[in-house]
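Novice: Residues per chain are reported as follows:
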Amino acid sequence: MAIARSVVVGLLLAVLSLPFAATAMAENQAAVDVEQPPPLDNARCLRCHADHDEKFVVRPDGSRHEIFIDKTVIERSVHAKVSCVGCHSDIAKLPHDKPLSMSIGCVSCHATEWEKLKGTPDAGRSRLAKVAEQSDLYLHSVHAKPAATNQSRVAAACHDCHEGHNVGAPDAAQRAEHRLKNPEVCGTCHEKQKRDYLASVHGKAITEKKDAKSAVCSDCHTPHDIGQPKSDPAKLRLAENCGSCHKDAQRTYLGTYHGQVTRLGYTNAAKCFDCHGGHGIAKDDDPTSKVHADNRLKTCNSCHEDAGVGFASFLAHGDPDDFAKYPVLYLAKLFMQVLVIGVMALFWGHVLLWLYRELMDRRQGIGHFENLDQPETVYVRRFDATWRWIHMLFAISTMVLALTGTSLLFAHTDWAKAVVDFIGGPRVEAIIHRVAAVTWISIFFFHLWVAGANIWRNRASFKWFGSRSLLPNWKDLRDVIGMFRWFFGLSPRPEFDRWTYWQKFDYWAPFWGAMIIGVSGLIMFFPNFTSHLVPGWVFNVATLVHAEEALLATVFLNTVHFFNVHFRPSRFPMSTTIFTGAIPLDEYKHDHRIEYERMVASGELDKHLVKRISRRVDMLSSFVATVLIVSGLTLLTLVLVGRATMH
Amino acid sequence: MRNVLMTAILTGALSGPALAQTNIETLARTCNGCHGLGGVSVGSSMPSIGGLPRAYLARVMKEWKYGQRAAVTMNRIVRGFSDDEIDALATWFAAQPWTPVPQQAPAELLALGKRAVWTTCTDCHGMTGGDPDRDAPPLDGQWSKYMELELEKYRSPDLAMPHRQMGKAVDEVKPEDASAAVHWFGAQKR
Numbered sequence: 016m017a018i019a020r021s022v023v024v025g026l027l028l029a030v031l032s033l034p035f036a037a038t039a040m041a042e043n044q045a046a047v048d049v050e051q052p053p054p055l056d057n058a059r060c061l062r063c064h065a066d067h068d069e070k071f072v073v074r075p076d077g078s079r080h081e082i083f084i085d086k087t088v089i090e091r092s093v094h095a096k097v098s099c100v101g102c103h104s105d106i107a108k109l110p111h112d113k114p115l116s117m118s119i120g121c122v123s124c125h126a127t128e129w130e131k132l133k134g135t136p137d138a139g140r141s142r143l144a145k146v147a148e149q150s151d152l153y154l155h156s157v158h159a160k161p162a163a164t165n166q167s168r169v170a171a172a173c174h175d176c177h178e179g180h181n182v183g184a185p186d187a188a189q190r191a192e193h194r195l196k197n198p199e200v201c202g203t204c205h206e207k208q209k210r211d212y213l214a215s216v217h218g219k220a221i222t223e224k225k226d227a228k229s230a231v232c233s234d235c236h237t238p239h240d241i242g243q244p245k246s247d248p249a250k251l252r253l254a255e256n257c258g259s260c261h262k263d264a265q266r267t268y269l270g271t272y273h274g275q276v277t278r279l280g281y282t283n284a285a286k287c288f289d290c291h292g293g294h295g296i297a298k299d300d301d302p303t304s305k306v307h308a309d310n311r312l313k314t315c316n317s318c319h320e321d322a323g324v325g326f327a328s329f330l331a332h333g334d335p336d337d338f339a340k341y342p343v344l345y346l347a348k349l350f351m352q353v354l355v356i357g358v359m360a361l362f363w364g365h366v367l368l369w370l371y372r373e374l375m376d377r378r379q380g381i382g383h384f385e386n387l388d389q390p391e392t393v394y395v396r397r398f399d400a401t402w403r404w405i406h407m408l409f410a411i412s413t414m415v416l417a418l419t420g421t422s423l424l425f426a427h428t429d430w431a432k433a434v435v436d437f438i439g440g441p442r443v444e445a446i447i448h449r450v451a452a453v454t455w456i457s458i459f460f461f462h463l464w465v466a467g468a469n470i471w472r473n474r475a476s477f478k479w480f481g482s483r484s485l486l487p488n489w490k491d492l493r494d495v496i497g498m499f500r501w502f503f504g505l506s507p508r509p510e511f512d513r514w515t516y517w518q519k520f521d522y523w524a525p526f527w528g529a530m531i532i533g534v535s536g537l538i539m540f541f542p543n544f545t546s547h548l549v550p551g552w553v554f555n556v557a558t559l560v561h562a563e564e565a566l567l568a569t570v571f572l573n574t575v576h577f578f579n580v581h582f583r584p585s586r587f588p589m590s591t592t593i594f595t596g597a598i599p600l601d602e603y604k605h606d607h608r609i610e611y612e613r614m615v616a617s618g619e620l621d622k623h624l625v626k627r628i629s630r631r632v633d634m635l636s637s638f639v640a641t642v643l644i645v646s647g648l649t650l651l652t653l654v655l656v657g658r659a660t661m662h
Numbered sequence: 363m364r365n366v367l368m369t370a371i372l373t374g375a376l377s378g379p380a381l382a383q384t385n386i387e388t389l390a391r392t393c394n395g396c397h398g399l400g401g402v403s404v405g406s407s408m409p410s411i412g413g414l415p416r417a418y419l420a421r422v423m424k425e426w427k428y429g430q431r432a433a434v435t436m437n438r439i440v441r442g443f444s445d446d447e448i449d450a451l452a453t454w455f456a457a458q459p460w461t462p463v464p465q466q467a468p469a470e471l472l473a474l475g476k477r478a479v480w481t482t483c484t485d486c487h488g489m490t491g492g493d494p495d496r497d498a499p500p501l502d503g504q505w506s507k508y509m510e511l512e513l514e515k516y517r518s519p520d521l522a523m524p525h526r527q528m529g530k531a532v533d534e535v536k537p538e539d540a541s542a543a544v545h546w547f548g549a550q551k552r
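These protein sequence lines are chains H and R, in that order.
With the first sequence counted from 1, adding 15 to any position gets you our numbering.
With the second sequence counted from 1, adding 362 to any position gets you our numbering.
Certain hints may be false.
[Unchecked claim] Distance condition first, Cα-Cα at most 27 angstroms in a straight line; then the derived BS3-like pairs of lysine-lysine:
hint: 1; chain 1: H; residue 1: K86; chain 2: R; residue 2: K536
hint: 2; chain 1: H; residue 1: K70; chain 2: R; residue 2: K551
hint: 3; chain 1: H; residue 1: K108; chain 2: R; residue 2: K530
hint: 4; chain 1: R; residue 1: K536; chain 2: H; residue 2: K108
hint: 5; chain 1: R; residue 1: K551; chain 2: H; residue 2: K113
[To be verified] Some chain R residues well away from chain H (every beta-carbon gap over 10 angstroms; in silico):
hint: 6; residue: Q430
hint: 7; residue: N437
hint: 8; residue: C486
hint: 9; residue: H487
hint: 10; residue: P494
hint: 11; residue: E538
Just so you know, the hints here were simulated from the structure itself, not pulled from any lab data.
Every residue gets a Cβ at the ideal spot worked out from N, C-alpha and C, and that includes glycine.
Kindly produce the complete structure, drawing on both the sequences and the hints.
Specialist: Structural data, given as structure tokens:
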């Protein structure tokens with residue numbers, strides 16, 4: 016009875032529920048279109064690929080492959096919203112081909128997405144710009160070239176290095192994890208380098224000390240811009256990348272010749288890894304380190320074959336700003352800077368005051384004016400051919416020395432790179448610098464010889480402090496005081512003999528320069544030889560004072576000397592006397608009145624008078640003077656730009 | 363059935379060096395009793411096996427032989443074969459053309475079955491059962507009765523059925539939907 020009642024109730028319920036069941040079924044069926052293939056959503060992929068108990072498959076050839084994908088990993092990755100077939104785009108249906116081809120177009124997808132986004136308000140916030148940039152670097156890298164062992168695939172595709180399903184956003188935990196795995200990832204192919212790295216100070220810091228800041232492969236080699244290790248761009252990039260962490264070491268290295276050549280974009284000179292080693296780098300107190308005190312000279316000898324012991328004590332990272340560690344360098348720099356600033360302050364002050372006073376005087380008609388109605392036809396022969404040629408060669412060799420030297424000193428500037436590229440690289444530059452140096456020193460000694468011979472020839476009548484002597488005398492001191500009084504309007508301009516005090520300064524300055532620049536230059540001229548005689552720090556001091564003194568000379572000559580001779584109002588725009596040897600009589604009277612009056616009194620003047628120089632010679636000398644002045648001012652500009660942007 | 367068993371036992375007893383030269387076609391002929399000529403079964407509870415993937419056939423027979431897969435009869439039969447003979451049989455049957463035996467079913471059942479296949483089975487067997495995954499058998503025109511029996515085995519907790527993905531799929535789908543699905547597959551022709 017109970018059964019019969021249940022059947023009746025059941026039937027009633029069934030009949031009553033029929034319309035609802037039919038509706039539910041219709042709705043359910045309407046939800047999907049079974050005539051179309053089911054959508055390739057992630058759930059279908061993960062049915063097989065997220066099975067924790069069956070993470071591997073065995074292929075017909077017997078090889079075992081992991082197919083497991085951790086769902087939580089994908090959900091945390093930057094690609095969480097990308098469907099599986101968004102990347103595995105060659106899967107058009109399930110079941111898919113096995114093994115699955117790895118034709119995943121990371122680069123094209125990112126490029127397409129970036130193209131869509133470019134120019135929109137969201138572009139600035141998007142990481143896609145960075146991804147596109149990195150993709151481009153990758154495409155030009157050695158990894159994007161065909162693999163040596165299998166030309167049908169690239170050396171390393173995106174998924175070989177990136178964990179395809181676990182790409183973290185910047186600052187995400189995956190990034191940090193992936194960074195620590197970097198040596199393992201690269202070591203999959205680069206096994207020897209991995210072994211060396213793991214034994215290095217960088218590798219041990221990662222594996223033993225868990226120091227996530229220690230360098231991994233991509234820190235030095237960059238993640239995507241990977242070049243052939245033997246190529247110049249790759250070497251230069253490596254040297255640059257060391258500085259990302261070792262900032263002080265890079266700064267001090269760039270101050271050395273090695274660093275300057277590297278900064279110019281050449282690999283002729285030692286780079287970080289040449290001295291410190293590459294993958295197997297060790298701390299300098301480690302006996303296996305290439306820069307350990309016991310191994311250092313041998314390391315130097317790998318480039319400088321005949322280098323003496325002085326090389327081993329060269330301060331490759333000497334810092335003239337660090338008194339505690341490098342007191343000698345500090346003091347040398349301090350001395351040179353005081354000298355440069357002192358000299359320049361004095362003479363720039365002298366120039367400005369002179370300019371002011373002469374302009375004031377000229378407004379009142381005081382001073383030397385060219386008479387345009389009666390152009391000067393009589394000139395005084397002031398310099399003979401020897402001195403004119405000496406000045407010309409001196410000027411040219413000094414400018415060549417300054418240009419070739421400062422293009423190293425200011426290797427950070429574009430102009431320095433352009434100059435060095437133009438002349439053919441640092442090797443050619445070194446040769447040109449040395450040729451100019453030999454020329455300069457030869458002229459210097461030739462002058463000493465001629466001057467000495469003249470003195471000897473006239474030894475009976477020669478007066479050391481006579482009117483024609485270039486030796487400073489008391490009148491020069493009085494003239495200095497007199498000029499400053501004139502600057503301030505306290506007295507008229509002093510009158511001068513054959514040589515003014517500023518001309519004497521110009522004359523004696525190269526003696527000082529020859530000593531400082533010459534001696535330091537000679538030490539660096541033959542480094543292998545001198546390293547047998549002097550300790551390494553002498554090279555550091557020599558480099559420092561050579562550069563500072565050269566800067567002083569360049570700035571002095573192209574500002575103070577140019578003003579005194581060419582740019583002061585009575586001479587502007589130039590004087591050609593040093594090129595023609597002749598000075599207009601009127602100008603001579605104004606600038607060297609004492610000598611003029613003495614010669615008039617003694618009747619000597621006529622012997623020195625010459626006819627007005629020809630128009631052709633006048634034009635030629637003006638042209639030469641213009642070229643030299645423009646060259647000097649250009650050089651000055653380059654040097655000032657270099658100095659101002661130096662860091 | 364006794365004949366089959368006897369054949370199998372005799373074949374097993376004669377296995378060894380003497381059988382190394384046994385003509386594989388002769389050996390395959392011993393399966394005809396149940397699986398039909400060329401592996402095209404004529405009995406609704408016996409599967410067609412001609413044209414199944416070689417890897418599938420070899421794997422399933424070895425699973426029976428080594429007790430990893432539940433069976434009533436086949437486990438005893440294949441124990442009589444060496445692994446080489448199993449491989450040879452798998453190769454022979456895989457080389458035969460797959461011949462569907464389309465079976466009739468009510469349209470509503472087929473519609474329900476198609477839906478179930480669409481949601482659950484197609485990833486491995488394809489929509490019609492004719493485009494299966496590499497290590498899955500084709501099911502188009504397979505005997506639906508046989509397939510139902512296989513599903514029973516998957517549902518039974520006491521029987522070892524080692525294919526995990528298939529086990530998971532069977533767990534996911536309602537029995538009536540699964541039953542409809544096998545009718546859908548059984549009705550397909552190529």
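Novice: Regarding the pair R/K551 and H/K113, is the alpha-carbon distance no greater than 27 angstroms?
Specialist: 26 angstroms, holds
Novice: Beyond 10 angstroms from every Cβ of chain H: is that where the Cβ of R/C486 lies?
Specialist: Violated: least Cβ distance 6 angstroms, not greater than 10 angstroms.
Novice: Is the hinted pair H/K70 and R/K551 satisfied, with a Cα-Cα distance of at most 27 angstroms?
Specialist: Distance ~35 angstroms between H/K70 and R/K551 Cα, so the pair is violated.
Novice: Closest CB-CB distance from R/Q430 to chain H, is it above 10 angstroms?
Specialist: About 15 angstroms separates R/Q430 from the closest Cβ of chain H, which puts it past 10 angstroms; holds.
Novice: Verify this label for me: R/H487 is non-interface relative to chain H, using a Cβ-Cβ cutoff of 10 angstroms.
Specialist: Non-interface label on R/H487 violated, nearest chain H Cβ at 8 angstroms vs cutoff 10 angstroms.
Novice: Given the hinted pair R/K536 and H/K108, is their Cα-Cα distance within 27 angstroms?
Specialist: Holds, at about 25 angstroms.
Novice: Could you let me know if the closest chain H CB is still more than 10 angstroms away from the CB of R/E538?
Specialist: Correct as stated: the minimum Cβ-Cβ distance to chain H is 12 angstroms, above 10 angstroms.
Novice: Is the Cα-Cα distance between H/K108 and R/K530 27 angstroms or less?
Specialist: OK: H/K108 and R/K530 at ~21 angstroms, within 27 angstroms.
Novice: Evaluate the condition: distance from the CB of R/P494 to the nearest CB of chain H exceeds 10 angstroms.
Specialist: 7 angstroms, violated
Novice: Checking the smallest CB distance to chain H, is R/N437 really beyond 10 angstroms?
Specialist: Consistent with the label, R/N437 stays out of reach of chain H, its closest Cβ about 23 angstroms off (over 10 angstroms).
Novice: Are the Cα positions of H/K86 and R/K536 separated by 27 angstroms at most?
Specialist: 26 angstroms, holds
Consistency with the previously given hints fails for numbers 2, 8, 9 and 10, ordered from lowest to highest.
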